[in-house]
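6 protein chains.
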Amino acid sequence: MGSEDRLTNAERYERGVKTLVEMVGEEGAQTIGNIGAFFPDMAHQIVSFGFGDLYSRKTLDLKQREIITITSLITQGATEQLPFHVHAALNVGLTPEEILEIVLHCAGYAGFPKACGALNVVSEVFKARNITPVTASKP
Amino acid sequence: MGSEDRLTNAERYERGVKTLVEMVGEEGAQTIGNIGAFFPDMAHQIVSFGFGDLYSRKTLDLKQREIITITSLITQGATEQLPFHVHAALNVGLTPEEILEIVLHCAGYAGFPKACGALNVVSEVFKARNITPVTASKP
Amino acid sequence: MGSEDRLTNAERYERGVKTLVEMVGEEGAQTIGNIGAFFPDMAHQIVSFGFGDLYSRKTLDLKQREIITITSLITQGATEQLPFHVHAALNVGLTPEEILEIVLHCAGYAGFPKACGALNVVSEVFKARNITPVTASKP
Amino acid sequence: MGSEDRLTNAERYERGVKTLVEMVGEEGAQTIGNIGAFFPDMAHQIVSFGFGDLYSRKTLDLKQREIITITSLITQGATEQLPFHVHAALNVGLTPEEILEIVLHCAGYAGFPKACGALNVVSEVFKARNITPVTASKP
Amino acid sequence: MGSEDRLTNAERYERGVKTLVEMVGEEGAQTIGNIGAFFPDMAHQIVSFGFGDLYSRKTLDLKQREIITITSLITQGATEQLPFHVHAALNVGLTPEEILEIVLHCAGYAGFPKACGALNVVSEVFKARNITPVTASKP
Amino acid sequence: MGSEDRLTNAERYERGVKTLVEMVGEEGAQTIGNIGAFFPDMAHQIVSFGFGDLYSRKTLDLKQREIITITSLITQGATEQLPFHVHAALNVGLTPEEILEIVLHCAGYAGFPKACGALNVVSEVFKARNITPVTASKP
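These protein sequences, in sequence, are chains A, B, C, D, E and F.
Using the UniProt record's numbering, the first residue of the first sequence is number 1, and each one after it goes up by one.
Using the UniProt record's numbering, the first residue of the second sequence is number 1, and each one after it goes up by one.
Using the UniProt record's numbering, the first residue of the third sequence is number 1, and each one after it goes up by one.
Using the UniProt record's numbering, the first residue of the fourth sequence is number 1, and each one after it goes up by one.
Using the UniProt record's numbering, the first residue of the fifth sequence is number 1, and each one after it goes up by one.
Using the UniProt record's numbering, the first residue of the sixth sequence is number 1, and each one after it goes up by one.
Worth flagging that the hints you see were computed from the coordinates, not collected in a lab.
Be aware that a few hints might be false.
[To be verified] Sample of chain D residues at the chain F side, in silico, Cβ under 8 Å:
no.	residue
1	F38
2	G108
3	A110
4	G111
5	P113
6	F126
[Stated by the list, open to error] Examples of chain E residues toward chain A, derived with CB under 10 Å:
no.	residue
7	E101
8	G111
9	K114
10	C116
11	L119
12	F126
13	A128
14	N130
Bear in mind that the values here come from a model prediction, so they are computed numbers and not experimental data.
C-beta: ideal position from N, C-alpha, C; glycine also.
This is chain A alone, in the form it adopts within the complex (with noise of 0.2 Å):
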């Protein structure tokens, strides 16, 4: 607990960059600095206790997080927010068929319209990124 224990903010901030950077690049952490622009203390937040404490723990991976933060936003019906995640998921690994089959299962558990919702989202990420996913075989 030691060493933690001693982190400072600045340090938590620092950390939390870094895993931003590594999940969006520097042009997706400006969407953190246009919030900063308006409430500084919000984004610190978002960027210390979320991906500085949250997304940057060992235990589970980049991958693992992004499913669980993209089930997490279509379960909420949060889709404003989704844009961004989606666009983290596919940096840090996950294919888009991964992305799709996650919205599949979550209309077994949130309801079709969740998903149907989720979806819209998604493919309009897909389309920004030239992306064809290979789903049209069953598996």
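Once you have looked at the hints, place chains B, C, D, E and F on chain A.
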């Protein structure tokens, strides 16, 4: 699409039972049996659609699917259905530490109340299985 | 709009009590009485606004209104309020089979966890009323 | 259970398409077709499970099923999926006044914000269909 | 209880309009007028029950009531209704910094996605009112 | 930003414990201790982030923060976490009548089922503390 198209409901059900037993054993599958005694068509859909169509698909393995399921249950506050899936998650190979990590990651996405509610349930399942998670040391 | 405009709160309350008793009998109405002993203004709103203004309206009958109520309760996971309305639904003429059918339809829209949670509650109410639904045969 | 057991996926799909066309016409069914071009397995589940298994069941008719669907969508705030089902509800025989009445009843159960959000969507669909509801007079 | 009991619907409505105008001015009240043109009974309930019965009560003042309303809207993801109440909150005396603080506190309770979604809306309302919050300095 | 930047995790934790004890006393803080025995990192985040970072901030006082917290818990149906915060709310100076008033206001925004579920919990906490609210007279 051919072979999947010719699959009958009886075969979907059979496939579902097989996956269900792989996940929770004969004893766990009995939970669905209780539903079936009361409302057979509902039990049929849970087994055929849920376990036969969704969980039996490829692309994501059962460990990944339980990450999704547990996250969705935490996010919607469906603590009543959690014990079944914490058992299943342990059975298909998620470690106790990974399950706790899902709960902590969800605190940021679904809020602390949902995460605390889930932690209570997880702790009861661990106790029932004599599991002591190695979480005292920071990552 | 004339006569509705001149309606007093006392008359709205009276209308609500009448509808409430029609739905759950004198005994069921006592549930609201318990709330009234603790927080009278809340009980007043439940009776006058809920039962006096909403349930007493025309355009939809009490059976249709209970379909709406039960669906909304299932979708938001408010299982605690379900027994009251499963009783009411049976009292105003929904059959046990129709109530089960609402639960199954909701599985697709609100997800299976919410539907399974609701089914537990419905099964307890049916047991308390000695009801054995004729659902073993497929439609 | 016999005949339902021998039903194949192709037949479930066919049954779903038939119900879907009954509800929203060939043109409305095209919405699902768009999903199918992107993620065929998801479209298959929507048609076979949603429209083939759920909507095609007996016990509740299509008008009652749309009351359930619209209520569930309002309660979970899934306004994006509402236009499809307001159209379907009108097509299977719910009157404009009954649809508005569902929204108002939901105000008490899911809160006014969800009801107001839904009312916006309903009003747009009515406008698109040149419908002027006769709701100015109190019941 | 006497005087409240004798209150008519017309008087509840009048009381609601008065509170509504106090909160959002004549112009803001026009929003409800638009609903009234489409579905008068719904507008009546919003004004009489919402603003006449709830907001007009004592025990909590309008600033405290807007804290509750904004929190509930953030928690349920009802961002569409937020602008109306961010305007109202500013009108009844909450400072821009207090409103941002509600959003940040909600991040812990409803999760960061809901808080981020709300922050977007708040920032747009502030921009429309030429408000620059003094939040750059930590508390 | 300087001093906040140099704050260590140990200091955030210490600040959180101080706020926590101010809110619920040594005994109430023990609830978090129980979580800490099972999953220390989660307890650390609850104390450091929740009570150290959020509740310890200025701009809103503890009474206002408990209005937010209780509203968010009611809106998401997290009744399990309510007793802790009803106790805290009373400890930091909200009156029993103000707490009931939050519940009633939430009925309009989150729907009556959530408000009724919350009222049950509030009534149990009041009973445990021998509190009889003065709510029988209308405002």
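Query raised in the report: Holds or violated: F126/E as interface residue toward chain A, Cβ cutoff 10 Å?
Result: Holds, about 8 Å.
**Report entry** chain A contact restraint for A128/E - C-beta distance below 10 Å
**Finding:** violated (14 Å)
Query raised in the report: Given N130/E as an interface hint, is the shortest Cβ-Cβ distance to chain A below 10 Å?
Result: violated (14 Å)
Query - Evaluation of the interface hint that places E101/E against chain A, nearest CB under 10 Å - result: holds (9 Å)
Report task. Answer holds if the nearest beta-carbon of chain F is closer than 8 Å to that of F38/D; otherwise answer violated. Result -> violated (32 Å)
Report task. Closer than 10 Å between Cβ atoms is the bar; does G111/E clear it against chain A? Give me holds or violated. Result -> holds (7 Å)
Query - Cut-off 8 Å, beta-carbon criterion: hint that P113/D touches chain F - result: holds (6 Å)
Query - Satisfaction of the L119/E interface hint, Cβ to chain A closer than 10 Å - result: Where the cut-off is 10 Å and the nearest Cβ of chain A is about 6 Å from L119/E, the hint holds.
Query raised in the report: If you take the shortest Cβ to Cβ gap from C116/E to chain A, is it below 10 Å?
Result: Constraint on C116/E satisfied, holds at 6 Å.
Query raised in the report: Does the interface hint hold: is F126/D within less than 8 Å of chain F, judged Cβ to Cβ?
Result: violated (25 Å)
Query raised in the report: With 8 Å as the cut and Cβ atoms as the points, is G111/D at the interface with chain F?
Result: holds (4 Å)
Query raised in the report: With a cut-off of 10 Å, does the beta carbon of K114/E approach a beta carbon of chain A closely enough for the hint to hold?
Result: With a minimum Cβ separation of about 7 Å from chain A (threshold 10 Å), the hint on K114/E holds.
Of the numbered hints listed earlier, those contradicted by the structure are 1, 6, 13 and 14.
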